[in-house]
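A.B. asks: Taking the hints as your guide, dock the two standalone chains into a single complex.
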Amino acid sequence: MSATGSGYDLSVTTFSPDGRVFQVEYATKAIEKSGTAIGIRCVDGVVLGVEKSIISRMILTDSNRRIHTVGTHSGIALSGFAADARQIVNRGRDEASSFKNYYDAVIPGNVLANRLAGYVHLHTLYWSYRPFGCAVLIGSYSPQGQPELYQIDPSGVCHSYYGSVIGKNKEAAKSELEKIDFSTFTCKDAVREIARIIYKLYDESKDKEFTLEMTWACDDTKRKHTRVPKDILDSAVQYAKELRAKEEQDSDDDDDDDDPPPAAGKS
Amino acid sequence: MEQLQNAIAESKSHPSTRTTRPIVTGASVLAIKYKDGVMVMSDTLASYGSMARYKSVQRICKVNETTLIGASGEYSDFQYLKDLVEELTDEEFDEDDGASMSPKEIHSYLSRVMYNRRSKIDPLYNFVCVAGFKEGKSYLGALDYFGSTFEEDVFTSGYGMYIALPLIRKDWSADMDEKSAVALLEKCMTVLFYRDCRTINKYNIAKVTASGVEISKPYSLKTEWSYKRFQNPHIIE
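Keeping their order, the protein sequence lines are chains C and V.
Residue numbers for the first sequence follow numbering that gives the first Met the number 0, so the first one is 0 and each next one is one higher.
Residue numbers for the second sequence follow numbering that gives the first Met the number 0, so the first one is 0 and each next one is one higher.
Just chain V, with the same shape it has in the complex (with noise of 0.2 angstroms):
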C-alpha cells in the first residue's frame, strides 16, 4: 500500500512517464486452431479515440517460419513488442547455430515483457495472441497487459470476446478444415462489424501451418443493410 502511495506521489512530482490508457487502438483479434495448423484473423483498423483513423494497420505480424502475433489495445505498444521481437529474430539469424525460437518461447519471452511492465504500473496495453505451428504441433497461446499467460484452442480480445466467443464455441472442433475455419472467423467479424463501433470492414486473415506463415493482403466481407428498419428507422409497424 505503501509502496502504491509512494508511486503516486512520485508520478505527481514530475512528468509521468506512466500510461494506464491507450490513445490509438485496435480492435479484436481471433485465432482459433484448427486441422493444419492455426488461424488469425483481425480488422485493419487503429481507432483514435471514437475517430476511425489509421484504416490500412496490420495488426497480425510475423514473427519467423513458426509463429505470427496478433494484438488488440494499444497500437504503438504493438509496434514496441514487434520491434522486441524483431530483435530476437535477428539475433538467432546471426547466431546462425540452427536452433530457432518456437511459438512457446515467444510467448514465455513476451509474457516477461508484459508482466515486468505491469509490475512498474506501466504496462503494454495490449491484449496479444502468439500463434505457431512448429513439428506438427498448433499452439496458440495469449498475454494480456496485467501479464496473465494462457494457452487455448481459441482466443479472442476486446469485443470479440463477448461477442465472437460464443460464436465460436458453438462451431468450432479441432479438426475443422481450412475453408470451416475461415468461415467460422469470418462469420465473427462480420457480426462484430455490425455491433462493435470501432471496427471497419476490411480485415486480414493469416495462417501458421506445416508451410510456414501467411497472411491475406486487406479485403473486405459482404454485409446485409437492405432492413427495412435500417432504412427507415422511423416507422413502426
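Same shape as in the complex, but just chain C (with noise of 0.2 angstroms):
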C-alpha cells in the first residue's frame, strides 16, 4: 500500500476518491508489527496459538494472556493492541452471557463471530470513535454445533476459515497452512503444526524472544476452552526446536522443500 491519504486519510467518516477509509486500512497496520496468532479448525476442535514477544524479563510468564476464554466455549486470540483487542474480550463475554440468559444454551461460534463483526465495524462508523488497532480470531466449538474458526479484522469483516493467521509474518504462515490437509486433521497435530509455523518463521536477528501461548477447544477437553496442557506444548516445542535446527543444518547443504505436515496421531 503506497498511497498517501492525503487529505482523505484524517477521519473515520471520510472516504478517499477511489473509496478506501484510510483510517481503517491504517489500523490493519498496528497488526503487522505485533506477535503472530494462528488458528486452525480441525476435526474434533479448535487450536489457536500466539507468539507472545517477552518485552521485559520482570514480566511474570504467564501474566500477558493473548487467548482468552469466552463464553466457556469459545477463545478469542489477538494481535495487535492488547488493551483494544481486551474490549473486544470483554464485549463478546457479555453477548455470551446474554445468549446464556436467553437461550440457555452456549453462544454458537458464528453468533458470536457476527456480533463481535458488529461491534469493530461500529467504531468505524463514527468520528468520535477510532476503529480497533487489532485483528482477532475466535475459535468455537459449541455442544450443538461444529468447530468454527472466524477472523475479524479491524474493518469489522469477518470471515469463517480452516486456518487463519494475524500478526507479522502473517504471508509466510498462511502458505504453510495450505499445504494442510483439514479434512484429516486433529487437534493434536494442529498443535505441534502450530508450534513448527511459529518456530519456523522465528528469525533470531529481527525478533525478540517468546514465549508460545496454545489454548484448544476440542473433544478431550468436552468442548470447553481451555490451554492445552503443559506437557503436550512442550513436547510440541521441542518438536518444533529440532525441527527448525535440522531445518538450519540441511539449509547449510542443499535447499529442501519444507517438510510436509506430520502424520496424523502422533503426540
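By construction, these hints were calculated from the structure, which means they are not laboratory data.
Fair warning: there could be bad hints in the mix.
[What the hints assert, rightly or not] With a straight-line Cα cutoff of 25 angstroms, these simulated DSS-like cross-link-like pairs (lysine-lysine) come out:
id, chain 1, residue 1, chain 2, residue 2
1, C, K173, C, K240
2, V, K81, C, K223
3, V, K61, V, K34
4, V, K186, V, K34
5, V, K61, C, K223
6, V, K178, V, K201
7, V, K216, V, K178
8, C, K221, V, K61
9, C, K207, C, K28
10, C, K207, C, K240
11, V, K119, V, K81
12, V, K81, C, K99
13, V, K136, V, K169
14, V, K133, V, K216
15, V, K81, V, K61
16, V, K61, C, K99
17, C, K221, V, K81
18, V, K178, V, K136
19, V, K216, C, K221
20, V, K61, V, K178
21, V, K216, V, K186
[What the hints assert, rightly or not] So these bits of chain C aren't anywhere near chain V, every CB distance computed over 10 angstroms:
id, residue
22, G6
23, R19
24, K173
25, E247
Keep in mind it's a predicted model, so treat the numbers as computed, not measured.
Glycine is no exception: its CB is placed at the ideal position from the N, C-alpha and C atoms.
C.D. replies: The structure is reproduced here in C-alpha cells:
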C-alpha cells in the first residue's frame, strides 16, 4: 500500500475518491508488527496459538495472556493493540452471557463472531470513535455445533476459516497452512503444526525472544476452551525446535523442500 | 411506614411484580458436616400446593468443585439462584487466572442477592444451604428469604427444622464417618416422609469432600406400613 492519504485519511468518516477508508487501513498496520497468532480448525476441535514476545525479563511469564476464553466454549486470540482487543473480549463475554440468559445455551461460534464483527464495525462508523488496532481469531466448539474458526479484522469483516494467521509473518505462515489437509487434521496435529510454523518463522536477528501460548477446544476437553496441557505443549515445542535446528543444518548444505505436516496421531 | 404504604398503593395501581407467596415448592433440605466434608440430602418433589406435581426434581446442585447448594421453597427462585451462580462460575472459567471462589464467597454473594430482594419486598422465596469443602475445611452456610445468613454445623429447612433437627442434634458429632452421616440423614428423611405431607419417598444425597462434589442418583428408603392401626384404622383395641 503506497498511496498516501493526502487529506482523505484524517477521519474514519471520510472516503477517499477511490472508495477507501484510510483510517481503517491504517488500523490494520498496527497489527503487522505484532506477535503472530495462528488458528486451525480441525476435525475434533479448534486450536489457537500466539507467539508472545517477551517485552521485559521482569514480566511474570504467564501474566500477559493473548488468548482469552469467552463463554466457556470459545477462545479469542489477539494480535495488535492488546488493550483494544481486551474490549472485544469483554464484549464477547457480555454477548455470551446474555445469550445464555436468553436461550439457556452456549453461544454458537457464528453468532458470537457476527456480533463481535458488528461491534468492531461500529467503531469505523463514527467520528468520535477510532477503529480497533487489532485483529482477533475466534475459535469455538459449542456443544450443539461443529468446530469453528473466525477472523475479524479492524474493518469489521468476519470470515470463517479452516486455518488463519494474523500478525507478523502472516503471508509466510499462510503458505505453510495451505499445505495442511484439514479434512483429517486433529487437534493434537494442530498443536505441533502451530508450534512448528511459529518456530520456523522466528528470526533471531530481528525478533525478540518469545513464549508460545496455546489453547484448544476439542472433544478431549469436552469442547470447553482451555489451555493446552503443559506436557503436550512442551513436546510440541521440543519437536518444533528440533525441526528448526535440522532445517538450519540442511539449508547449509542444500535447499530442501519444506517438510509436509506430521502424520496424524502422533503426540 | 410511609414507604410501606406507598409500596402497597403502588402495587395496587398496576400489575404487581412482587410475589410474597410461593407456588411450586420444595420441602426440607438437610445438611450436616461430618469427618470428610459435608453431606446434604433432599427429596425430589416439587409440590404445586397440595399436589405432588413434579416428582423428579433435583433440589441440590453443584456449583463448582468445592461447593454445592440445596434449597427448599419456591422452585423457580431456586432455578434463578442456580443461573446466577452458574454465571459466576462461567466468569471464573473464562478468566482462567487460577482464582476460584470458595464456599464462603458464594454464600456471601447469594446472601447479598437474597437481602436485596427482601428489601424490595420481592423475595426469592427459598431457604438455601451452601455446603462446601475447601483446603481441608468444611463449610455449611444457611440463607433464608429474609436475607439472614448464618454458618452452622447442621442445616435443616422446612419441616426438617421441627422434626429432623432434634433427631440430628441427638446423634450428630463432628467426626462422624460417612456411613453414620448417611444413616442419620436417611433416618431423618424417613421420619419426614412419614410426617410431612409434602414429601415423596425419592431422594438425592450429596456430599462435598476433598475429592469434589458428588450427587447421587435418586433412590428410595425403606418404610414400614404394616402396622395394625394403619391397615385397619377402625379397630379399637
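A.B. asks: If a hint holds in the structure, say so; if it doesn't, say that too.
C.D. replies: Results for each hint:
no. : hint              : in the structure
1   : K173(C) - K240(C) : holds, 20 angstroms
2   : K81(V) - K223(C)  : holds, 20 angstroms
3   : K61(V) - K34(V)   : holds, 20 angstroms
4   : K186(V) - K34(V)  : holds, 19 angstroms
5   : K61(V) - K223(C)  : holds, 18 angstroms
6   : K178(V) - K201(V) : holds, 19 angstroms
7   : K216(V) - K178(V) : holds, 17 angstroms
8   : K221(C) - K61(V)  : holds, 18 angstroms
9   : K207(C) - K28(C)  : holds, 19 angstroms
10  : K207(C) - K240(C) : holds, 16 angstroms
11  : K119(V) - K81(V)  : holds, 21 angstroms
12  : K81(V) - K99(C)   : holds, 13 angstroms
13  : K136(V) - K169(V) : holds, 23 angstroms
14  : K133(V) - K216(V) : holds, 24 angstroms
15  : K81(V) - K61(V)   : holds, 9 angstroms
16  : K61(V) - K99(C)   : holds, 18 angstroms
17  : K221(C) - K81(V)  : holds, 22 angstroms
18  : K178(V) - K136(V) : holds, 20 angstroms
19  : K216(V) - K221(C) : holds, 22 angstroms
20  : K61(V) - K178(V)  : holds, 22 angstroms
21  : K216(V) - K186(V) : holds, 18 angstroms
22  : G6                : holds, 44 angstroms
23  : R19               : holds, 37 angstroms
24  : K173              : holds, 29 angstroms
25  : E247              : holds, 36 angstroms
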